[in-house]
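Listed below are the residues making up each chain.
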Amino acid sequence: MALDELYQEVLLDHYKQPRNKGVLAEPDIRLELKNPFCGDEILLTLKMAEGRVAEAAFEGHGCVISQASASVMTEKIKGLRVEEVAAIADQFTHLVREGKYERPEGEEFDEIEAFAGVCEFPTRVKCAMLAWRTLLQGLKEHGGREHLHDHHAHGAEGETPNRG
Amino acid sequence: MALDELYQEVLLDHYKQPRNKGVLAEPDIRLELKNPFCGDEILLTLKMAEGRVAEAAFEGHGCVISQASASVMTEKIKGLRVEEVAAIADQFTHLVREGKYERPEGEEFDEIEAFAGVCEFPTRVKCAMLAWRTLLQGLKEHGGREHLHDHHAHGAEGETPNRG
Amino acid sequence: MIEVSKIRADFPLFAQPENRDLVYLDSAATTHRPRQVLEAIDEFYRRDNANPHRGAYRLAERATTAYESARSRVAAFIGAGRSEEVVFTRNATEAVNLVAWGWAERHVREGDEIIVTELEHHSNLVPWQMVAQRRGAKLRFLEFDQAGNLDPVQLEGLLSERSRLLAITQVSNALGTINPLRPFIDKAHAAGALVLVDGAQSVPHTAVDVRALDADFLVFSGHKMLGPLGIGVLYAKIEHLEAMEPFLFGGDMISSVGYHSSEWNDVPWKFEAGTQNVAGAVGLAAAMDYLDGIGMEAVAEHDRRLTRLAVEKLAPIDQLHLYGPMPERGPVVSFNLATIHPHDLATFLDQKGIAIRSGHHCAQVVMRKLGLAATARASFYLYNDEQDVERLVTGLLQAKDYFKKWL
Amino acid sequence: MIEVSKIRADFPLFAQPENRDLVYLDSAATTHRPRQVLEAIDEFYRRDNANPHRGAYRLAERATTAYESARSRVAAFIGAGRSEEVVFTRNATEAVNLVAWGWAERHVREGDEIIVTELEHHSNLVPWQMVAQRRGAKLRFLEFDQAGNLDPVQLEGLLSERSRLLAITQVSNALGTINPLRPFIDKAHAAGALVLVDGAQSVPHTAVDVRALDADFLVFSGHKMLGPLGIGVLYAKIEHLEAMEPFLFGGDMISSVGYHSSEWNDVPWKFEAGTQNVAGAVGLAAAMDYLDGIGMEAVAEHDRRLTRLAVEKLAPIDQLHLYGPMPERGPVVSFNLATIHPHDLATFLDQKGIAIRSGHHCAQVVMRKLGLAATARASFYLYNDEQDVERLVTGLLQAKDYFKKWL
Ligand SMILES: Cc1ncc(COP(=O)(O)O)c(C=O)c1O
Ligand SMILES: Cc1ncc(COP(=O)(O)O)c(C=O)c1O
Chain C
1 MALDELYQEV
11 LLDHYKQPRN
21 KGVLAEPDIR
31 LELKNPFCGD
41 EILLTLKMAE
51 GRVAEAAFEG
61 HGCVISQASA
71 SVMTEKIKGL
81 RVEEVAAIAD
91 QFTHLVREGK
101 YERPEGEEFD
111 EIEAFAGVCE
121 FPTRVKCAML
131 AWRTLLQGLK
141 EHGGREHLHD
151 HHAHGAEGET
161 PNRG
Chain D
1 MALDELYQEV
11 LLDHYKQPRN
21 KGVLAEPDIR
31 LELKNPFCGD
41 EILLTLKMAE
51 GRVAEAAFEG
61 HGCVISQASA
71 SVMTEKIKGL
81 RVEEVAAIAD
91 QFTHLVREGK
101 YERPEGEEFD
111 EIEAFAGVCE
121 FPTRVKCAML
131 AWRTLLQGLK
141 EHGGREHLHD
151 HHAHGAEGET
161 PNRG
Chain U
1 MIEVSKIRAD
11 FPLFAQPENR
21 DLVYLDSAAT
31 THRPRQVLEA
41 IDEFYRRDNA
51 NPHRGAYRLA
61 ERATTAYESA
71 RSRVAAFIGA
81 GRSEEVVFTR
91 NATEAVNLVA
101 WGWAERHVRE
111 GDEIIVTELE
121 HHSNLVPWQM
131 VAQRRGAKLR
141 FLEFDQAGNL
151 DPVQLEGLLS
161 ERSRLLAITQ
171 VSNALGTINP
181 LRPFIDKAHA
191 AGALVLVDGA
201 QSVPHTAVDV
211 RALDADFLVF
221 SGHKMLGPLG
231 IGVLYAKIEH
241 LEAMEPFLFG
251 GDMISSVGYH
261 SSEWNDVPWK
271 FEAGTQNVAG
281 AVGLAAAMDY
291 LDGIGMEAVA
301 EHDRRLTRLA
311 VEKLAPIDQL
321 HLYGPMPERG
331 PVVSFNLATI
341 HPHDLATFLD
351 QKGIAIRSGH
361 HCAQVVMRKL
371 GLAATARASF
381 YLYNDEQDVE
391 RLVTGLLQAK
401 DYFKKWL
Chain W
1 MIEVSKIRAD
11 FPLFAQPENR
21 DLVYLDSAAT
31 THRPRQVLEA
41 IDEFYRRDNA
51 NPHRGAYRLA
61 ERATTAYESA
71 RSRVAAFIGA
81 GRSEEVVFTR
91 NATEAVNLVA
101 WGWAERHVRE
111 GDEIIVTELE
121 HHSNLVPWQM
131 VAQRRGAKLR
141 FLEFDQAGNL
151 DPVQLEGLLS
161 ERSRLLAITQ
171 VSNALGTINP
181 LRPFIDKAHA
191 AGALVLVDGA
201 QSVPHTAVDV
211 RALDADFLVF
221 SGHKMLGPLG
231 IGVLYAKIEH
241 LEAMEPFLFG
251 GDMISSVGYH
261 SSEWNDVPWK
271 FEAGTQNVAG
281 AVGLAAAMDY
291 LDGIGMEAVA
301 EHDRRLTRLA
311 VEKLAPIDQL
321 HLYGPMPERG
331 PVVSFNLATI
341 HPHDLATFLD
351 QKGIAIRSGH
361 HCAQVVMRKL
371 GLAATARASF
381 YLYNDEQDVE
391 RLVTGLLQAK
401 DYFKKWL
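Chains as they are written, first to last, in my numbering: chain C, 1 to 164; chain D, 1 to 164; chain U, 1 to 407; chain W, 1 to 407.
Calculated directly from the structure, the hints in this document are not laboratory data. Idealized CB from N, CA, C, for every residue including glycine. Be a bit skeptical, because a hint or two may be false.
[Claimed, not checked] DSS-like mimics (lysine-lysine), calculated; alpha carbons at most 30 Å apart, straight line:
no., chain 1, residue 1, chain 2, residue 2
1, C, 21, U, 404
2, W, 369, C, 34
3, C, 140, C, 34
4, D, 21, W, 369
5, C, 34, C, 47
6, W, 313, W, 352
7, U, 369, C, 16
[To be verified] Cβ pair distances, simulated, as ranges:
no., chain 1, residue 1, chain 2, residue 2, range
8, C, 143, W, 238, 18 to 28 Å
9, D, 2, W, 390, 21 to 31 Å
10, C, 75, W, 292, 43 to 53 Å
[To be verified] Which bits of chain W does chain U cover? Going by a derived footprint, with three or more residues having C-beta under 8 Å, they are:
no., region
11, 43 to 50
12, 228 to 237
This is chain C alone, in the form it adopts within the complex:
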C-alpha cells in the first residue's frame, strides 16, 4: 500500500522520539517559519562554529511528516559546512518533489531516503520541506543576506482578545 511508502518505520521512530527537540540558548541562528496553508510551525535554533553547524534544535508542532523531517534534519546537518548543508537540502528537495535523488556515499543517507514516498503525495511536500526551508533561510540570513521572507509585523502575537 502506497501509504506505507509514506509512513515508513524510520519516520515513526523520529516522530515518536524526536531528536534535538528544544530551543538552544544563545543560538547564532534563530528562525520561525509557518506553513501558511496549514498553520504548522517550526522554530529552529542553530549554533555555528567555523562555518559549520555545531548544534541544531527544533521546536514546533505538526504532522508526522513535518516533525520527522525536522528531527532527521537536525541530526544530519550537525558538523556540516554551510555548502554541504545546502547540497543535502537540494537533494532532499529533489527527493520529496520528484522521488529522484543522487545518493551520496554513506549510510547516513538511509534516513533521508525514507522520505522518498512523499513525492507520491504532493500535498505533503510542503510538510516535508518546512524544516529545510527554515534552515536554508536561516543560513541565508546568517550569511548577511537580506530577509527573504516578508514578515509583516504590525503588532505582537499571542494577545488576549480585548486588551486595553
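Could you slot chains D, U and W with the ligands onto chain C? The hints should help.
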C-alpha cells in the same frame, strides 16, 4: 426598415433645429449629467414659477437621439406642474424601454411618441433618457431632497495637463 | 426531500473516472457545479459575449442584459429591495475589503471601535485589523463559549457610542455555529453601529433575507454555492453604498475623467472597475436558479439531516473529539481523532477516496481559543448522502487502526 | 499566414444563428474565445475542481497544480524570469490598482511626481490621480503630438529626481499608437523612476518580453486575448513585489493570524486574497497555448496587415476623419464620419451586422485633447479578415447615404 422607426422625421426636425438650446441666466435649477458609458453630456437649466416649469433650456452634445429627446422635452414640459412633468417622464420611460405608453389626451404627445422606436434599440435607451434623468434629478434636488447622484468632485475639470 | 442520486447526476465531476470513488466532504471550501451552471457559462461565451455597458451594438446589449439580469437574480435570491444594492466582486473576501476601504475608511475614526466575533474567518477579521490600524480604531472581540456559541448579552457589554460596526458570520466555517442574527443586529443597531454579515457559509445552505435580517452589509461567494469561481457579492443597503467611496479606479466606474480629477458613476457600477466577470455573474445566477429549483428549504433540511447523522455517528467513536455546538449546526463537522494530526488523517482518508479538509480553516483565532493547531473538517452539501457519512466513519476507524502504533 | 476561416471555425460564437452575419470589430473591448479555451475551463470544473492550496487530498492537489501551472504558463508567455513574479488579478484595472495601493502608497511621498501619458486608458490614469491626491504628489503628463505619438525627448523634460513612476501604455486603445517602449523605460530608469507598462492592448497582439523591455510592472487582461473574463495579470519584478504591501486582506494571503495582527504569506500569494479564479487562470493559460500554437509573430503580422488595409480603405472616404498614427499602429482604427455621431453610426452599422465601438473608449483625455466627444472605433483580431474590412467600408458608405439629410 427598423432604422426608420428610430430615426423618425420628428427627431430629424428637432435634431437639426433644436428648440430651447442654450443656458438660462439665473436659473432656479441647473444640473449637468453625463452618460457614463458614452460621454454624452447635457446641461439643463430651468426657471420655475408657482410650482410650474416656466422656462427650460439645454446645452450639450450627443447623438441624434439624446439631442432630439432634450429638445422635445424642453418644449413639452413648459408650463407643467412638477407632478405633471414626473408623469410624462414616467410615460416616456415606459415608452423607450418597453414601447408601451398610455397616451394622454392631446396631440402634443405626437412628438413624444416618435421615440417609440427606441425600445427596439436597447443600447440607445440611455441616450433617450439622459435629458429626462437630468430633469427628474434637478426637480428632486430643487424639491429639497438630497443629491441622488454621488458627484465625487476632488478638483476642477477642464484643466491643462501640466498645471502648476 | 432531496433525491441525491438524481442531483449527483447533474454534477459532471462525480462522473469522471478519476473521481468515481470520490466522497467529497469539503464543500465549505468550494463546491462543485451542476452542468446547468457550466452550460450557462458556456452559453454566455458562445452566444452573448461582449463587453457590457460599452457597445451600441446588439451583442453588447445582450451581454449587458445578461450581466444586469444576473444582478437582479442575486437581489431576488437574498431579498434585496433593489438590484442596485448588489455589487459584484471577485469573492466574499474582496466584498469585505470593499466595505473596509469604501465605508470604514471614511466612517471609522480614531478611538472608534469595531466589534468582530472570535468565530470569524480571516477574511472577516484581517481587513478589520487593518482598518483598526490605519484609523487608530480598536478591535473588540465577541467571544464564543465552550460550545462555540455567541451570547447577545455579551455583545451588549461591548457596544458603546464608539461602536461603528459589528462584523459577524451567520454560520462559522470552522465550528458550524449558527448565529441567530436578529438579536445581535438589533442590539448593534440600537447602539448606532452597522452590521456586516458574512454569509459565505449561510447563503449557500439556507434562505437568507437581508431585509428580514435588517443587515447593512452581506457578503458571500459564488463558488461555495454551485456557482463559478471568480465571482462574489456585496449586498449593502443603498444608503450605505451611496456613502461609500470606491477603492478600485478605472474603466467603467467613472462618469467623467479630466487630467487631474474624475467623477464617479452611479452605484453600484462605481464599485466595479474595469471589465467585469460577466460569465461569472451569469453562472452565479444559474446556480441560484438551480438551488431555487430544488428549494432552499429542501437544501437546508437535507444539510441538517446529514449533519445530524454525522454528529450522531462520529460522537461515539473512541478518542474522537468533536468541536462546536451540538446537535444544531451548519453542515460543518470539525473534529480530531486521538493524536493523529489532521493532515495525516486527511492523507489517509484521501487514499480511501474521502476528501476532507485539515488545518486551521482560515480561522486561527478559533484554533487558538480551543488550544488547537488544526482540526479535521467534513462539510456537506446537496450532493452528499448517508453513504458518504458511512464511508467517513469507516475511514476514521481504519485510520485509527493504521496509526495505532504512531499514537 | 493565418488562415482565418480555419481560425473562425474554432470560435463557437461565430457559428451561432444569431451571430452568423456578425462582423465583430470590437476586440479591443473584449475578444471571443476559441473552443479550446472554453473546453479548458469546462474541463477544470468537470475534473479538477477544488479550492487550491487548502486541501491535503488529491483533488485539491490537482486544483493547485492547475492554478500554479497557469501561473508558470503566464510567466513563460511574457518572458518573466520566475513564476512568482506573476500575480493573478481580476483584470488589468485591478492590476494597476494593486500597484497604486501596494507600491505607490508606500513609495510615493509628498512632492513626488508620477508621469502618465495623455494616451492612457482611464484604468491607467484614475488610479494615479487618486495616488497623487492621497499622497500629495503631482501628476505630470507626457503629451502626444498631432499624429498621436509620444516623444522620448519630451519625457526627459518631465523627469527629475522627484519622478517615482512612469505609467505608459504599449499600445493605445483609442488611437492605436504603438509606443516603442525601450527609450522611455531607459530614460525613466536613468532618472530613478520605475515604469508600469499597460499591456492590455499589446500582450494580446504581439510578443512581449518583460525582461527585454526591462519593465518594472506590466498589466493585462485575459478577456482581451481569448481568455476568460474575470482574470488579469500583474507582472512585477520580484524585488518590487517584495517591497509591496497587500491591500486585500483575508483568506490565503496570510501566514499567521492573531487577534490584533497578522503576518503575510510569501509573494505572490500575499496579494491573492480569498479563493481565486482558478478556472480563469486555467482558461488564460489555454488562450496562451492557443495563441502560441498560431505563433505571436503570425498574429501580429495578421493584425498589421488588416489594419493597414483598413486605413487604406477608410482614408479615401470623403468626410471620414481618421485619428492616430499612420500607417503603423496597433489593430485599432478610430474615426469619425462627417458629423454623424458615433452612436448613430454604430447603431446603423449594427443593423448591417457590423459591431463597432463608439464613445470615448475610456480615454477621455485623448478625446479632450483632440477636441472630440467621441469616435467610432474598429479593432481587429485573428478571426477578422479582409471581408470584414470590406463590409465595414460598404457599411460606412451606406451610413453616409442614410444620414445625408441629417448632416
Ligand atoms: C489600454 C487599456 N488599458 C486597460 C484596460 C482595462 O482593461 P480591463 O477592463 O480588462 O481591466 C483596457 C481595456 O479596456 C485598455 O484598452
Ligand atoms: C465564513 C467564511 N467567510 C469568508 C470566506 C472567504 O470566501 P472566499 O475565499 O470565497 O473569499 C469563507 C471561505 O473560505 C468562509 O468560510
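Outcome of the hint check:
1. C:21 with U:404: The given pair, whose Cα atoms are some 23 Å apart, holds under the 30 Å limit.
2. W:369 with C:34: Given that 30 Å is the threshold and the Cα spacing comes to 54 Å, the pair is violated.
3. C:140 with C:34: Holds, at roughly 17 Å.
4. D:21 with W:369: Roughly 25 Å between the alpha carbons, so the hint for residue 21 (chain D) and residue 369 (chain W) holds.
5. C:34 with C:47: Holds, at about 21 Å.
6. W:313 with W:352: holds, 18 Å
7. U:369 with C:16: holds, 27 Å
8. C:143 with W:238: 18 to 28 Å: The hint (18 to 28 Å, Cβ to Cβ) holds, given that residue 143 (chain C) and residue 238 (chain W) are roughly 19 Å apart.
9. D:2 with W:390: 21 to 31 Å: holds, 24 Å
10. C:75 with W:292: 43 to 53 Å: holds, 48 Å
11. 43 to 50: holds (count 5)
12. 228 to 237: With 5 residues in contact (Cβ-Cβ under 8 Å with chain U), the coverage given for the region 228 to 237 of chain W holds.
Of the hints listed earlier, the one the structure fails to meet is number 2.
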